[in-house]
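A.B. asks: Following the hints, put chain E in place on chain L, whose structure we already have.
Protein chains: 2
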Amino acid sequence: MSIRIGIYGYGNLGRGVEAAVRQNKDTQLAAVFTRRDPAGVKIATDGVEVVSADKIEQYKDKIDVLIICGGSATDLPVQTPKLAKMFNVIDSFDTHANIPTHFKNVDAAAKEGGNIGIISVGWDPGMFSLARLYSNCILTDGSDYTFWGKGVSQGHSDAVRRIEGVADARQYTVPIQDALDAVRSGKNPELTTREKHTRVCYVVAKEGADKAKIEQDIKTMPNYFADYDTTVNFITAEEMKRDHSGLPHGGFVIRSGKTGLNGEHNHIIEYSLKLDSNPEFTSCVLVAFARAAFRLSQEGVSGCKTVFDIPPAYLSAMPHEEIISHLL
Amino acid sequence: MSIRIGIYGYGNLGRGVEAAVRQNKDTQLAAVFTRRDPAGVKIATDGVEVVSADKIEQYKDKIDVLIICGGSATDLPVQTPKLAKMFNVIDSFDTHANIPTHFKNVDAAAKEGGNIGIISVGWDPGMFSLARLYSNCILTDGSDYTFWGKGVSQGHSDAVRRIEGVADARQYTVPIQDALDAVRSGKNPELTTREKHTRVCYVVAKEGADKAKIEQDIKTMPNYFADYDTTVNFITAEEMKRDHSGLPHGGFVIRSGKTGLNGEHNHIIEYSLKLDSNPEFTSCVLVAFARAAFRLSQEGVSGCKTVFDIPPAYLSAMPHEEIISHLL
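Sequences listed follow chains L and E, in order. Each step along the first sequence adds one to the number in this note's numbering, with nothing skipped, and position 153 is 153. Each step along the second sequence adds one to the number in this note's numbering, with nothing skipped, and position 73 is 73.
Only chain L is shown next, with the shape it has when bound in the complex (with noise of 0.2 angstroms):
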């Protein structure tokens, strides 16, 4: 029997779900949501019903695991719990100083409805942060160095385009080569944000928009851009569309911790990404957690989990013997 998997959201997200179904023949797509009109949305699995979201009470048995896929931070807090009512649910909820809120609410909503609700689940949040609990669990007398990139971070491409004059940006956030190398030498260095990143912006500027004002408005830009070293190239539509299309990202989560009996020894892991397509790898980490809710539902278990609840034998398709045999 496969494990029927619903998207809810039809954006890059869902698009990328619903071909990392396609690459776990233990999962089968059971139908879209959409809060758009379902004629106007068309999908690429033949045979699949897309659903206006307002019906989604009427598909309680026919769906396994619910991947929300809305990529707001307004929306999963609202529907996340709503849903785990109904649904077995998987979100990539990323506001990281709000998920201890949002674990109450699905955790009680998801007991409720006797369901498995897990949040979070991605890369950053998601990934990294297992990389994160074990190598501090491993090395408890250390330091915790995140880096992202080289990839294209939306929230400052969408500020770019903002600013008067911009017809359409995209903004890179890049790590810097030295920061990393202290960081892998064992130096447990202290680094500034202006010492971690850069951000490179690629802009096609309106007809007689003033492209030195431009550059100024994004180099003072507070929060996003003022704290940072910032290079503004300005490109033409064309070039943006050829050169800039992809949503490619990742990044570095080192941990440098010291051991022995008087801390004489250093040792460095290293988890890193290199990732062409963001929304897609996050829909593969979604796809195999859905798997785990799947099981963890069919053993009775409810209430709401992240990646460190789960045991990571639980995210395969294959058999216990053969991952013993083959993995470990």
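It should be emphasised that the hints constitute simulated quantities derived from the structure, not laboratory data. The reader is advised that the hints may include incorrect statements.
One copy or two, either will do: identical chains are not told apart, so a pair holds if it fits within one copy or between any two.
[Claimed, not checked] Mimicking DSS-like on lysine-lysine, the simulated pairs with C-alpha atoms at most 27 angstroms apart in a straight line are: (1) LYS187 to LYS25; (2) LYS25 to LYS258; (3) LYS187 to LYS150; (4) LYS241 to LYS258; (5) LYS241 to LYS187; (6) LYS82 to LYS150; (7) LYS258 to LYS42.
These numbers were taken from a predicted model, which means no experiment stands behind them.
C.D. replies: Just chain E now, with coordinates in the frame of chain L:
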């Protein structure tokens, strides 16, 4: 209440566990068991007993988790099942091909005793296994690569020491940079043994020994060296002591995989370790999993487990709310 740890076997690994226990405030060293004469074993912790391995049964109620620090392929298959009848146990069994059999034996013994036994804990098997499992679950269409080093291989060092005319030897396994670069580029190369690693030996020859013959004997040794490009350096006993007393190690686990409806996007997941002390790092992993064994046992769980079966949160001394707030 702190977790009372017993150490069974006091070599490099046992000493590492002793140091790791000091770094984990919720654990304490309860006793060290040795097959040697306890009077001749001096440990670094005041007020802790060194006990003959024969008397271990008397410590049944004084130890929460016993960490079995026998390094050898012949000791653990006997020791771990035997001791799992009496104690919660952890070992670092590393003969990959025999893990399924060891699992079954420990599972039966641990269940009989109502205990937990976690086997094959360390970095390979251990953390590298986790890296392989997680990345395989995420990128289902891809290839795995494991590189070891730069680090001292005890087995290969021992093999060189057995050659006629060799007074002392140290062997380093070194990953080949070109191979690493090819893997990281996403090219999915097929790599031969020779293309992945080189072997570098430092040898102290006995007086009057035939160095040319030693070098020839090393380079042509089947299984150990014949399939690799090997470099042999002759050094003095003083240089050996000064430059090669440590036990550094490490390595890289890389998965390269494709996503998208047409496999159009490539992704690289990389986990790497750079360790000044192989036994001390392994010990830190053992102590973290000892915490998990203790908790599972408190919950009434029994039987054999691997790193794949433990929810990551069980490894942490932090309360769940704190893990979620700070590490997710």
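A.B. asks: Now tell me, hint by hint, if it's right for this structure.
C.D. replies: So, going through the hints one by one against the coordinates:
For the identical chains of this complex, LYS187 and LYS25 are inter-copy neighbours only, at 25 angstroms across copies versus 46 angstroms inside a copy, given an alpha-carbon limit of 27 angstroms. Proximity of LYS25 and LYS258 under a CA criterion of 27 angstroms is satisfied inter-copy only: 15 angstroms between copies versus 43 angstroms inside one chain copy. Taking the shortest Cα distances, LYS187 and LYS150 sit within 27 angstroms of each other both inside one copy (23 angstroms) and across copies (19 angstroms). Only between protomers do LYS241 and LYS258 lie at most 27 angstroms apart by alpha-carbon distance; the minimum there is 23 angstroms, versus 47 angstroms within a single protomer.
For the identical chains of this complex, LYS241 and LYS187 are inter-copy neighbours only, at 26 angstroms across copies versus 42 angstroms inside a copy, given an alpha-carbon limit of 27 angstroms. Neither within a single protomer nor between protomers do LYS82 and LYS150 lie at most 27 angstroms apart by alpha-carbon distance, with minima of 36 angstroms and 52 angstroms respectively. In this assembly of identical chains, LYS258 and LYS42 lie within 27 angstroms of each other by CA distance solely across copies; the values are 24 angstroms between and 54 angstroms within a copy.
Hint 6 from the list above is the single one not met by this structure.
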